[in-house]
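Chains as they are written, first to last, in full-length UniProt numbering: chain P, 1 to 290; chain Z, 1 to 290; chain R, 1 to 290; chain A, 1 to 290.
Misleading hints may appear alongside valid ones.
Below, in silico cross-link-like pairs of lysine-lysine (DSSO-like), each with a Cα-Cα straight-line distance of 30 Å or less [claimed, not checked]:
#1 R:112 to A:26
#2 P:281 to R:202
#3 P:112 to P:128
#4 P:214 to R:202
#5 A:212 to Z:273
#6 A:75 to R:112
#7 A:202 to A:136
#8 Z:142 to A:136
#9 R:26 to R:136
#10 A:41 to Z:273
#11 P:281 to R:112
#12 P:112 to Z:284
#13 R:284 to P:284
#14 R:269 to A:214
#15 A:41 to Z:142
#16 A:142 to Z:281
#17 R:112 to A:267
#18 A:142 to Z:269
#19 A:142 to Z:136
#20 P:41 to Z:284
#21 A:41 to R:273
#22 A:136 to R:112
#23 A:214 to Z:269
#24 R:136 to R:75
#25 P:281 to P:142
#26 P:41 to Z:281
Simulated coverage check for chain P against chain A, where a stretch passes if three residues somewhere in it have a Cβ under 8 Å from a Cβ of chain A [stated by the list, open to error]:
#27 167–180
#28 211–222
Going by beta-carbon spacing under 8 Å, a handful of chain P positions derived as facing chain Z [claimed, not checked]:
#29 138
#30 200
#31 242
#32 272
Everything labelled a hint here was simulated from the structure, so no lab data went into it. Glycine is no exception: its CB is placed at the ideal position from the N, C-alpha and C atoms.
There are 4 protein chains.
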Amino acid sequence: MDGTREMKDSKQLISNIQAQYPRLSKGQKLIAQYILSNYDKVAFMTACKLGETVGVSESTVVRFANALGYSGYPKLQDALQELIKNRLTTVQRVEMANEYSDDTTILNKVLKSDIDNIRGTLEEVDEKAFEEASNKLLNARKIYILGMRSSFTVAQYLGFYLDIILDSVHIIRMDMGDAFEQIVRINENDVVVAISFPRYSKKSFEVVSYAKEKGAHVISLTDSIFAPVASIADNVLLVKSNMASFVDSLVPALSISNALIISVGMKEKEEIKEHFDDLEKIWKMYSVYE
Amino acid sequence: MDGTREMKDSKQLISNIQAQYPRLSKGQKLIAQYILSNYDKVAFMTACKLGETVGVSESTVVRFANALGYSGYPKLQDALQELIKNRLTTVQRVEMANEYSDDTTILNKVLKSDIDNIRGTLEEVDEKAFEEASNKLLNARKIYILGMRSSFTVAQYLGFYLDIILDSVHIIRMDMGDAFEQIVRINENDVVVAISFPRYSKKSFEVVSYAKEKGAHVISLTDSIFAPVASIADNVLLVKSNMASFVDSLVPALSISNALIISVGMKEKEEIKEHFDDLEKIWKMYSVYE
Amino acid sequence: MDGTREMKDSKQLISNIQAQYPRLSKGQKLIAQYILSNYDKVAFMTACKLGETVGVSESTVVRFANALGYSGYPKLQDALQELIKNRLTTVQRVEMANEYSDDTTILNKVLKSDIDNIRGTLEEVDEKAFEEASNKLLNARKIYILGMRSSFTVAQYLGFYLDIILDSVHIIRMDMGDAFEQIVRINENDVVVAISFPRYSKKSFEVVSYAKEKGAHVISLTDSIFAPVASIADNVLLVKSNMASFVDSLVPALSISNALIISVGMKEKEEIKEHFDDLEKIWKMYSVYE
Amino acid sequence: MDGTREMKDSKQLISNIQAQYPRLSKGQKLIAQYILSNYDKVAFMTACKLGETVGVSESTVVRFANALGYSGYPKLQDALQELIKNRLTTVQRVEMANEYSDDTTILNKVLKSDIDNIRGTLEEVDEKAFEEASNKLLNARKIYILGMRSSFTVAQYLGFYLDIILDSVHIIRMDMGDAFEQIVRINENDVVVAISFPRYSKKSFEVVSYAKEKGAHVISLTDSIFAPVASIADNVLLVKSNMASFVDSLVPALSISNALIISVGMKEKEEIKEHFDDLEKIWKMYSVYE
């Protein structure tokens, strides 16, 4: 599928540039350097303009795109635009949502877009990172789960279920206004799960940075290797969340959370059964459920 | 797809029985009546046992299954088991999760199962109910959003985004221990969105019942027409949440929430833009984001 | 002070009756028995009516009051009314609030009434219970803090500060609708602090009962030895909360919480210093405070 | 009482200096100017050192203290120390707590200190400000209540009870990490109640500043006219919170909250009765209370 293919390109774009770098011509190297530090501008430059800016010919720009494996400069540009999409302001994103019309169309488009998001996530996600993340969770002294704004709901979901399996879960809640106070005892036996989607909260990054500095293992559920939190995470679980609207879909982040919960759960099956055995008795005694 | 087909059957099973009822033989009518009030038992009876219990022959049972459109009694039984699956205890459900093995398999199975869940939801969901729900949200004096246990995370997600668009949103929080206190002023100009998945909370049902009695419009995101809350809802948005594990996937419920948010948002585009314009200024002034 | 004196009477009324019992006349014993199981009715009976009901003379009733140390029947009745005051419905309590008039009077009356409440609490509180409570908190594997409705705010306050000193604090939050899920792993090394004021939440009592059954040590901050939670608590910290209005003052409960925090804190001074040393550095680094 | 008297001095110290300024000698004016911008340093200087620093004689310093109404320089210094006490780091404050010894002493000292705090608050509080605050709450389109860290518990308490009386209450919760998002629609018909105690949260001040800029009426419960939030509040309700320990007592802040609740409640008595009438029925129907 084309959308997915483009996304994979965008994911690999930077490492691709770095890998090809030694083999590039002198002029192409100038382009590479410029892109690595100005990809947000390049995403909206024509080949001609980019050549002008860097001081090379337009055809050098086109050959550079080819050298990276793109059929032409427009495909490279697509990949760059994909990269920066998450940096758009929310207002710009509302403007983009014009494609939606009546409710039935919206219902169909959104659910299909979420199916694509999960499928894209499945293709992209790093299985080794997932496996390591699951094992780290299992063995952590304490698990801190962090998400801000809408990402907090995913943090709560993940925390709710992990808490059934493990006795080490702490969801970082900001309701009293301070996250640092909650992680002040964090150490190298602990794990932080940081759920971070655009627009990336500065506070989130500060908290994870502190945790990292104290030696904690950092698992990050995020949408881009360029997310601030990804740069300091030990395991990055990349999640697609595109929806061309003012809402970032957290659906695939929730689906990955399901997978983490079941993975940890399968390793602690007896614990879960015992837990639910106890709960079923309580629930029955106090008529909690219908 | 087979999984989806079976699900649709299960959905229609009850109405199917009711529709066929006049054309059934006397013996088949006895079976129909018995099933309607004892489907949870019948789901685990052989055709022979069912015949015996009702007082008809085994072949009458088989013909009854055929009359409803099933190729045989086992298919009818499948549909019944689907119906009652959500009534299983959590311990029984953990037992069912044996199919999962290594982490990569889990990752793949869970994400694919969530894709199936959304696809199934898309096939099943009532577009008219969705449209009416969206319009009711838009015009409500006050919107109360209710979810307990893991469903609370979906309530918070939906509430978080609707609150950006509308000035009428109240997420019912039980942190101080009482939901009634929060809805005591509810009236016929209000809307309740009840997110309810197995095991169905008794408290949730009590709260929605009270709201209904006070004349509020009830929108329900749930997994079954047999969910207690579905019986009193004005709009039922049916969501698949199967995962053959101790976790119910709330992924499709979140996807439907995305659709509701965008649907309401598209009708209040100017309000959103203004809202985000203001927020962007604040965020910039106080460096909230990276 | 008279108010305080009456309160002490009310506290000791029941044990007083039990202590005097052997020395009472036959007729007085009948009164004692009747009061012990019907004090809520007796509180509003005249001496004459009580005598009639029990089958003794009015003068026997008066002598009974004298035998308990009251100057007359009205004083006994006061003590009984004090006892049942917390059982009044909230509507009845709003009716009682007529004494308040202009804002300045309210301000003065309320703050003075809170001073009286703390003073009364100080006279009444069991110092041994306080000391044991403090030591149990210090040594608990896990501390669960429970309060519903307005009492939740005291639970949060106590939990916020104890969490600075100890790594074992869990505030029971009902925001996802279930308290049992949070205490399912409770055991005999754990402590529950139950903050419970009228009207006594049934849920609170169920949760504490479960904890008690599992062997946990129960500390209760409550207003009466007749509070359901007091009957199963290991340490009862009695707190005055009268305010003759629809609000129960939690001021003395907060003051007792201050005392508990400082008592535990003084035993872990090095831990607190280290904690704040770390926090001060973080706060400075991230400009959290002015 | 001496403690209270000193506190009043400290409150009036700055305005006192300003009022006396025209009548001061030239040398005394130099002292006044120096103190106004360096009171934190002066608080720990001897009269001799202060004279030296400013370039006047020690006896000029003493006469300056007399001119302000103090019996000597040490009393002026006390008042200055009172002022800066809230600026101490938490670590310094733990060091100060050495006076506490055994549990019974702690219990007595803390409760007595809270009685003094409320009494001091009662002497200090501005009755006109209280009255205006109460009326503003009564008539607000929307009431936003803000408190961070431990002050959040007072915010929740005040919000919980005001919500029983009024349909306009919104407690600002940071659990999803952003306060601005919650006040983005604030306007000149709204009221913010800001509860702010040392160490004063920067975020709190930013949020209140934004509200003020949008024309909202600001009521502040704080401990000092030097609290950042006091400088922009329309009504400052000054509260004593000294406890010479690492905990700031919020007891008097809670007592003032009680007074506000009852004041607003007395003006909406019918509303409360109706509210509780409804709730009592629900509570009975669903057996919420014992």
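Going through the earlier hints one by one, which of them does the structure break, listed in rising order?
Checked against the structure, the hints that fail are numbers 1, 4, 9, 10, 11, 12, 13, 14, 15, 24, 28, 29, 31, while the rest are satisfied.
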